[in-house]
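Take these sequences, add in the hints, and give me the full structure.
These protein sequence lines are chains C and A, in that order.
According to UniProt numbering, the first sequence is numbered sequentially starting from 1.
According to UniProt numbering, the second sequence is numbered sequentially starting from 1.
Calculated from the structure, these hints are not laboratory results.
It cannot be assumed that every hint is accurate.
If several chains are the same, the list does not tell them apart, and a pair holds so long as it fits within one copy or across any two.
What the hints assert, rightly or not - Once the Cα atoms are required to be at most 20 Å apart in a straight line, the calculated SDA-like pairs of lysine to any residue come out as:
| # | residue 1 | residue 2 |
| --- | --- | --- |
| 1 | Lys2 | Asp49 |
| 2 | Lys21 | Phe92 |
| 3 | Lys111 | Ala168 |
| 4 | Lys112 | Arg7 |
| 5 | Lys131 | Gln142 |
| 6 | Lys171 | Asp11 |
| 7 | Lys2 | Tyr43 |
| 8 | Lys2 | Lys103 |
| 9 | Lys40 | Asp73 |
| 10 | Lys10 | Asp48 |
| 11 | Lys103 | Asp49 |
| 12 | Lys47 | Glu5 |
| 13 | Lys47 | Ser24 |
| 14 | Lys40 | Glu5 |
| 15 | Lys10 | Pro191 |
| 16 | Lys103 | Ala82 |
Number of protein chains: 2
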Amino acid sequence: MKLLEERIVKDGQVRPGNIIKVDSFLNHQLDVNLLDEIGKEFYRIYKDDGINKILTIEASGIAIACMTARYFDVPVVFAKKAKSKNLDGEVFTSTVHSFTYGKDYDITLAKKFLGPEDRVLILDDFMAVGKAMHGLLDVCEQAGATVCGIGITIEKGFQPGGDSLRAAGYKLTSLAIVEGVDDEGNIIFRPQEG
Amino acid sequence: MKLLEERIVKDGQVRPGNIIKVDSFLNHQLDVNLLDEIGKEFYRIYKDDGINKILTIEASGIAIACMTARYFDVPVVFAKKAKSKNLDGEVFTSTVHSFTYGKDYDITLAKKFLGPEDRVLILDDFMAVGKAMHGLLDVCEQAGATVCGIGITIEKGFQPGGDSLRAAGYKLTSLAIVEGVDDEGNIIFRPQEG
Chain C
1 MKLLEERIVK
11 DGQVRPGNII
21 KVDSFLNHQL
31 DVNLLDEIGK
41 EFYRIYKDDG
51 INKILTIEAS
61 GIAIACMTAR
71 YFDVPVVFAK
81 KAKSKNLDGE
91 VFTSTVHSFT
101 YGKDYDITLA
111 KKFLGPEDRV
121 LILDDFMAVG
131 KAMHGLLDVC
141 EQAGATVCGI
151 GITIEKGFQP
161 GGDSLRAAGY
171 KLTSLAIVEG
181 VDDEGNIIFR
191 PQEG
Chain A
1 MKLLEERIVK
11 DGQVRPGNII
21 KVDSFLNHQL
31 DVNLLDEIGK
41 EFYRIYKDDG
51 INKILTIEAS
61 GIAIACMTAR
71 YFDVPVVFAK
81 KAKSKNLDGE
91 VFTSTVHSFT
101 YGKDYDITLA
111 KKFLGPEDRV
121 LILDDFMAVG
131 KAMHGLLDVC
141 EQAGATVCGI
151 GITIEKGFQP
161 GGDSLRAAGY
171 KLTSLAIVEG
181 VDDEGNIIFR
191 PQEG
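Quick look at the structure:
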């Protein structure tokens with residue numbers, strides 16, 4: 001997605017340790033016009049896949065999921081990272097290792113919000129090693145839901161998450177795939193059609 | 001907001017301990033059409049207040065903030081509840097006590113995203129005792145930003161958060177104020193104009 005790549009070049013940074021900083025528009029401050037374009041693009045890609053629910057994980061994923069769900073006119077459900085006192089009833093759980101925070105955490109999702117009747121588009125802002133995504137896929141499998149697509153805003157192409165899920169047969173689309181930086185510090189994107 | 005009150009009656013529950021369950025449309029599963037109407041209503045209320053930024057806190061607040069920001073055409077910035085390795089640079093912090101989770105936590109916001117030039121609308125899904133809101137107000141004060149309004153989706157009218165902030169002079173609007181339940185278990189709302 002040209003608009004997103006241009007924005008990453010303009011306002012993003014790739015830091016030592018392969019950290020991609022896009023906090024001015026994607027995951028701390030949010031540019032809702034850009035998010036709206038992202039939602040429109042996910043709709044273009046997945047509109048014929050019979051999606052009836054969008055699944056994401058708190059926190060930044062919620063913004064992308066909501067802006068995309070407007071186009072699909074379907075509900076969003078988001079997995080929670082902490083167990084709330086108020087999250088009663090039966091829940092699906094899966095354990096995820098976070099490299100960002102350096103620890104394991106459980107994600108939870110109320111069973112009443114995901115089931116065999118659901119055709120799910122999973123959305124998230126980032127894909128690196130793919131640990132959080134594996135947690136969401138695990139939850140979908142427990143629910144008997146069909147995963148029709150995975151939409152990632154920015155994929156770290158130099159980490160294995162995206163390519164291993166494509167190899168496993170998922171219809172995974174990343175709107176920008178960052179491969180690294182060249183010697184002049186320019187961000188290198190994987191060429192994609194569209 | 002009539003539409004919201006009707007939805008709370010239809011799909012919400014008030015539980016022992018004064019827990020209001022609205023997880024089927026507001027804070028676990030999200031009804032984006034309802035969120036869009038909520039955003040439109042906040043815009044109607046605050047459109048003449050010169051808002052140039054919407055501030056919220058992860059996680060559910062992000063959904064409401066994004067859907068509202070579309071109408072204002074301004075960026076959203078959300079305070080984070082956990083310190084990320086990737087959140088470098090100078091940050092504002094404030095300590096918040098959560099009754100839901102039964103512990104204190106720090107909220108953080110990068111200094112570069114909030115300053116004296118900002119006229120802020122603070123949005124959140126719930127207001128009870130108001131601890132999280134006091135953290136956000138504290139961050140705004142540290143930043144020198146002007147708080148032009150506070151928009152709450154559901155206020156627990158039987159808890160002091162909302163009324164104490166109104167008494168302090170804030171332009172605080174709650175789209176639904178739940179006062180409790182009557183003897184037949186019907187939810188009682190505080191009468192409001194509009």
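Hints, verified against the model:
1. Lys2 / Asp49: neither (24 Å within a copy, 35 Å between copies)
2. Lys21 / Phe92: between (32 Å within a copy, 19 Å between copies)
3. Lys111 / Ala168: Neither way: lysine 111 and alanine 168 sit 26 Å apart in one copy and 42 Å across, limit 20 Å.
4. Lys112 / Arg7: between (38 Å within a copy, 18 Å between copies)
5. Lys131 / Gln142: Answer is within: at 17 Å inside a copy they meet the 20 Å cutoff, but 36 Å across does not.
6. Lys171 / Asp11: neither (29 Å within a copy, 34 Å between copies)
7. Lys2 / Tyr43: within (16 Å within a copy, 31 Å between copies)
8. Lys2 / Lys103: Intra 35 Å, inter 44 Å, cutoff 20 Å: neither.
9. Lys40 / Asp73: both (12 Å within a copy, 17 Å between copies)
10. Lys10 / Asp48: neither (33 Å within a copy, 32 Å between copies)
11. Lys103 / Asp49: Neither: 35 Å inside a copy, 43 Å across copies.
12. Lys47 / Glu5: neither (23 Å within a copy, 32 Å between copies)
13. Lys47 / Ser24: Neither, since 29 Å and 24 Å both go past 20 Å.
14. Lys40 / Glu5: Within one copy only: 16 Å inside a chain, 31 Å across chains, cut-off 20 Å.
15. Lys10 / Pro191: For lysine 10 and proline 191, only the intra-copy Cα distance (18 Å) is at most 20 Å; the inter-copy one is 49 Å.
16. Lys103 / Ala82: both (13 Å within a copy, 13 Å between copies)
Of the numbered hints stated above, those contradicted by the structure are hints 1, 3, 6, 8, 10, 11, 12, 13, listed in ascending order.
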